[in-house]
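*Asks:* Spelled out, the chains give:
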Amino acid sequence: MLIGCLEGKDLITTQEWRVEEIEEVLKLAADVKKHPEEYSDVLSGRSLIMLFFNPSTRTRLSFEIGMTQLGGHAIYMPADSGWIGKGSESIKDTASVMARYGDAISIRIFPNVTGWNYGESNRVVREFARWADVPVINMECDMFHPCQALADIMTVKEKKGRLNGRKFLLSWVYHPKPLPCSVPNSALLIATRFGLDVTLLHPKGFELDEQIMEWARRNIEESGGSLEVTDSLEEAYDGADIVYVKAWGSLKYYGNPQEEKRLRVKFRDWTCNEELMELARKDAIFMHCLPIRRNVEATDGVIDGAHSVIYDEAENRLHVQKAVLMSVIST
Amino acid sequence: MLIGCLEGKDLITTQEWRVEEIEEVLKLAADVKKHPEEYSDVLSGRSLIMLFFNPSTRTRLSFEIGMTQLGGHAIYMPADSGWIGKGSESIKDTASVMARYGDAISIRIFPNVTGWNYGESNRVVREFARWADVPVINMECDMFHPCQALADIMTVKEKKGRLNGRKFLLSWVYHPKPLPCSVPNSALLIATRFGLDVTLLHPKGFELDEQIMEWARRNIEESGGSLEVTDSLEEAYDGADIVYVKAWGSLKYYGNPQEEKRLRVKFRDWTCNEELMELARKDAIFMHCLPIRRNVEATDGVIDGAHSVIYDEAENRLHVQKAVLMSVIST
Amino acid sequence: MLIGCLEGKDLITTQEWRVEEIEEVLKLAADVKKHPEEYSDVLSGRSLIMLFFNPSTRTRLSFEIGMTQLGGHAIYMPADSGWIGKGSESIKDTASVMARYGDAISIRIFPNVTGWNYGESNRVVREFARWADVPVINMECDMFHPCQALADIMTVKEKKGRLNGRKFLLSWVYHPKPLPCSVPNSALLIATRFGLDVTLLHPKGFELDEQIMEWARRNIEESGGSLEVTDSLEEAYDGADIVYVKAWGSLKYYGNPQEEKRLRVKFRDWTCNEELMELARKDAIFMHCLPIRRNVEATDGVIDGAHSVIYDEAENRLHVQKAVLMSVIST
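Chains as they are written, first to last, in this note's numbering: chain H, 69 to 399; chain E, 69 to 399; chain X, 69 to 399.
Honestly, the hints are just simulated from the structure, not real lab data. Honestly, I wouldn't trust all of these hints.
Dumping the calculated DSS-like pairs for lysine-lysine here, alpha-carbon to alpha-carbon at most 25 angstroms [unchecked claim]:
#1 E:LYS245 / H:LYS160
#2 E:LYS154 / X:LYS245
#3 X:LYS160 / H:LYS101
#4 X:LYS101 / E:LYS160
#5 E:LYS154 / X:LYS334
#6 H:LYS334 / X:LYS154
#7 E:LYS160 / X:LYS227
#8 E:LYS160 / X:LYS245
#9 E:LYS101 / H:LYS160
#10 X:LYS160 / H:LYS245
#11 E:LYS329 / H:LYS154
#12 H:LYS227 / X:LYS160
#13 E:LYS245 / H:LYS154
#14 H:LYS154 / E:LYS334
#15 X:LYS154 / H:LYS329
#16 X:LYS329 / E:LYS154
#17 H:LYS160 / E:LYS227
What the simulated footprint calls covered on chain H by chain X, stretch by stretch (three residues with Cβ under 8 angstroms from a Cβ of chain X suffice, anywhere in the stretch; the number is not a length) [as the list claims (entries may be wrong)]:
#18 355–361
#19 382–390
Glycine residues also receive a C-beta, built at the ideal position from the N, C-alpha and C atoms.
With the sequences and hints as input, model every part of the structure.
*Replies:* This is how it looks when you write it as structure tokens:
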């Protein structure tokens with residue numbers, strides 16, 4: 069029924085899809101999760117070209133297996149930074165030809181590939197989308213990770229049902245490396261879009277991109293949710309329904325890892341542990357996009373504990389991506 | 069109807085196929101391009117083993133997606149020079165076992181893998197073909213690129229209909245690297261085979277292999293075409309119906325890049341530009357096998373202009389390869 | 069009929085499967101070899117995740133093509149040692165998530181990945197099996213290569229029919245590198261399990277793991293075969309029905325290649341040649357798991373001679389693996 073409902077549409081960030089479009093995809097994802105066998109032929113003979121400027125396990129597996137389960141095929145294509153910039157083939161030529169062969173193109177490109185120039189990797193994805201006549205799906209750039217966001221909101225809905233009035237805590241945690249902001253950006257955008265009461269928790273210096281914050285504030289106006297920013301762990305965890313933890317680097321020192329580290333190590337005790345989870349609601353869920361550094365980002369007790377839904381969340385990547393693929397690929 | 073018509077046949081160079089065989093494949097390619105859905109099951113359960121001694125985008129994608137669209141599967145197998153020569157497994161053993169598993173083997177191997185010894189990479193492909201009991205397809209060696217040649221002649225036929233009396237210009241252009249001769253060799257052989265009036269344009273010192281020239285001269289005797297060699301740009305472009313540009317290195321300094329460069333840089337203004345295209349016919353087509361170095365091999369104005377058919381040419385790789393696969397693989 | 073007969077079962081070593089289970093798989097392998105088309109849909113929509121900590125040709129091709137021929141799909145996932153140990157994702161998390169996506173996981177991990185600590189690579193495979201809710205198949209660790217063992221016994225049965233009373237010679241041969249013991253371990257275990265009269269031939273210092281020897285001795289008690297160990301080439305080859313040659317490194321100097329080499333080079337004339345084969349039975353078969361170093365492990369005369377069944381043996385990898393996949397994967 070919903071198959072092909074968004075034919076030809078790119079997925080660069082959920083923010084550029086209407087809420088109704090996202091709802092349609094989530095409905096389809098729920099159905100394909102329940103009745104996978106009914107969709108086993110939908111993309112028969114169709115090919116997804118997956119460009120990985122950075123290696124991947126979960127994203128690659130969930131896309132490749134998703135295509136297989138829909139009767140299609142996904143091609144793992146490692147790319148390197150030599151594909152971009154002087155002396156390489158133009159993105160126009162690459163994208164135009166790929167669109168003659170494949171039925172969709174998905175791209176992963178982290179900040180390091182484009183020299184830690186915030187937004188530049190996103191621009192590469194958009195340049196592919198500009199020239200390719202087939203849908204382009206963002207598998208995580210330096211700004212967004214829309215498929216993670218879809219899996220996240222699907223998981224919250226499954227576990228919590230009603231979203232209105234639920235406290236969604238998005239918490240910065242420590243990690244030895246300055247990770248990209250794509251996941252927290254996307255989690256913030258989707259949570260505010262769906263009417264959750266969002267608390268964004270991070271130490272000073274780890275503010276998210278102001279453009280993202282601006283969109284988040286606009287989202288709550290439309291969705292009826294709320295947004296609060298704090299650096300108080302106790303206040304943030306208090307009464308939370310959803311505890312979503314993620315490490316990210318400081319934008320102030322973007323591409324400047326030595327100085328960034330001096331700031332970040334001051335907060336190396338920002339670990340999600342059992343005591344903090346005690347402050348949340350009894351039936352709170354603990355979420356993380358994985359991979360997780362155990363006993364650094366969160367303790368084993370939390371990760372393996374009763375609150376944790378991390379494997380369900382990871383599984384939902386498969387289902388939402390199948391729904392996206394079925395919605396945007398021409399059949 | 070034509071499926072399996074060349075069962076078991078290797079494709080090392082089009083020169084070793086009869087014109088009627090090539091015509092059959094081109095007919096099948098045209099039909100699979102028009103009615104892809106009618107061929108969606110032809111190679112169901114069949115596997116193509118793709119050995120890439122050198123990385124590839126277009127060739128890999130078009131073969132892998134081609135197999136998928138025919139209901140089969142292609143395996144991307146990166147190989148390295150350690151596969152060849154002392155201390156490695158014999159090609160006899162490798163090829164014999166692969167033929168027990170796969171239904172066809174395709175190979176890409178550039179001159180650098182075999183030490184810039186002209187013809188040696190071709191010998192490796194032939195050694196695989198000798199021992200493998202399944203068809204072996206050349207995905208470009210140091211001498212030939214037969215699938216490109218098939219896509220090229222398919223494109224010329226689509227755009228020009230009648231070939232007799234058409235002026236086909238094969239023009240050397242500048243490129244910062246000494247590229248292999250496989251594409252110009254193959255373009256020359258297929259164009260002379262199909263009765264075109266071929267003009268081969270290159271600066272002195274960039275002569276093609278004498279064996280190839282010999283075959284080309286024999287081809288025109290049989291096909292009724294003609295062959296002229298010149299180093300005059302004006303003369304060559306004048307009245308051309310097809311302008312096919314390609315960079316290649318000088319065979320005189322093969323494997324000797326420093327000396328070769330000294331010769332090549334003298335011709336760094338050999339770029340296909342709008343002024344030259346003005347000399348060609350109004351309805352001339354501009355062809356290139358891609359990837360193209362923009363504003364070096366040809367200007368943006370030409371590449372993106374009205375004459376250019378480069379994306380159609382690239383797309384035809386998919387269709388001719390599907391036709392080859394269906395013709396030679398046992399079903 | 070036998071499809072799914074061992075649903076959910078891991079294959080770490082054949083030693084942990086009952087003889088009846090192995091017999092079922094071999095029966096299925098024989099049938100799928102004879103009537104492949106009857107099984108072309110059995111694993112439709114199913115995905116095998118293949119983790120390769122070490123590169124592979126034969127194993128990768130036979131698994132990937134096997135899945136294709138059964139209507140499913142196999143994913144080639146190169147892994148590196150960074151996946152194991154401090155700072156990496158826990159195997160619990162990796163395996164748990166993979167089991168949410170794929171229908172089976174297969175793993176190749178050689179001793180070098182885990183620091184030449186005998187048994188440690190096997191422990192990694194077992195750790196994956198512990199956490200993955202889907203079957204885990206060992207594609208060769210530092211101790212076992214069960215799929216090779218299954219292909220080996222299938223080949224012996226095909227060529228010899230009755231196994232009781234047949235002399236199976238497992239002979240060490242020279243190789244310039246200290247190769248792992250997984251293949252000889254597995255060959256010894258399967259041969260003693262199936263009632264063959266096994267002669268294990270190696271120079272002093274190349275004894276196999278005592279635990280393996282212990283299992284082998286227990287096997288012959290149950291199977292009615294016999295086991296003899298010798299360092300006499302003449303005695304060992306005399307009257308052999310099956311000559312199975314393989315190079316392996318000395319466990320005494322495991323992870324100590326310089327010292328190991330000093331011992332090993334003393335036996336660099338331990339090559340299987342025509343004179344030795346003369347001592348075996350006229351209808352003896354020559355086996356090797358491949359790749360083989362020609363004229364080092366065995367002479368061309370033997371490898372290409374009338375006794376050699378190496379390509380049939382390699383082909384049987386495909387059939388036994390298809391049988392294993394159909395037996396253990398939930399359909």
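*Asks:* A separate judgement is required for each hint: does it hold in the structure or not?
*Replies:* Now the hints, each set against the structure:
Between LYS245 of chain E and LYS160 of chain H the alpha-carbon distance is near 22 angstroms, which keeps this suggested pair within the 25 angstroms criterion. Proximity of LYS154 of chain E to LYS245 of chain X is assessed by CA-CA distance (about 15 angstroms); at most 25 angstroms being required, the pair is judged to hold. A hinted pair counts as satisfied when its Cα atoms are at most 25 angstroms apart, and LYS160 of chain X with LYS101 of chain H qualifies at roughly 23 angstroms. With a CA separation close to 23 angstroms, the supplied pair LYS101 of chain X and LYS160 of chain E stays within the 25 angstroms bound.
Of the pairs offered as hints, the one joining LYS154 of chain E and LYS334 of chain X holds, with about 22 angstroms between alpha carbons and a cut-off of 25 angstroms not exceeded. Taken as a hint, the LYS334 of chain H and LYS154 of chain X pair is honoured in the structure, with Cα atoms around 22 angstroms apart against an allowance of 25 angstroms. The hinted pair formed by LYS160 of chain E and LYS227 of chain X meets the criterion: a straight-line CA distance of about 23 angstroms does not exceed 25 angstroms. Restraint check for LYS160 of chain E and LYS245 of chain X: satisfied, since their Cα atoms lie roughly 22 angstroms apart, inside the 25 angstroms limit.
Proposed proximity of LYS101 of chain E and LYS160 of chain H is supported: the alpha carbons are some 23 angstroms apart, at most 25 angstroms. With a C-alpha separation of about 22 angstroms, the suggested pair LYS160 of chain X and LYS245 of chain H falls inside the 25 angstroms cut-off, and the hint holds. Distance restraint check for LYS329 of chain E and LYS154 of chain H: the Cα-Cα separation of roughly 20 angstroms lies within the 25 angstroms cut-off, and the hinted pair is therefore satisfied. For the suggested pair LYS227 of chain H and LYS160 of chain X, the alpha carbons sit about 23 angstroms apart, so the restraint of at most 25 angstroms is met.
Distance check on the hinted pair: LYS245 of chain E and LYS154 of chain H sit about 15 angstroms apart at the alpha-carbon level, within 25 angstroms; holds. For the hint pairing LYS154 of chain H with LYS334 of chain E, the CA-to-CA distance comes to about 22 angstroms; that is within 25 angstroms, so the pair holds. For the suggested pair LYS154 of chain X and LYS329 of chain H, the alpha carbons sit about 20 angstroms apart, so the restraint of at most 25 angstroms is met. At most 25 angstroms may separate the alpha-carbon atoms for a hinted pair to count; LYS329 of chain X and LYS154 of chain E meet this at roughly 20 angstroms.
Between LYS160 of chain H and LYS227 of chain E the alpha-carbon distance is near 23 angstroms, which keeps this suggested pair within the 25 angstroms criterion. Here's how the segment 355–361 of chain H fares: 4 of its residues keep a CB closer than 8 angstroms to some CB of chain X, so the rule of at least three is met and the hint holds. Residues of the segment 382–390 of chain H with a Cβ under 8 angstroms from some Cβ of chain X number 3, which satisfies the need for three, so the listed coverage holds.
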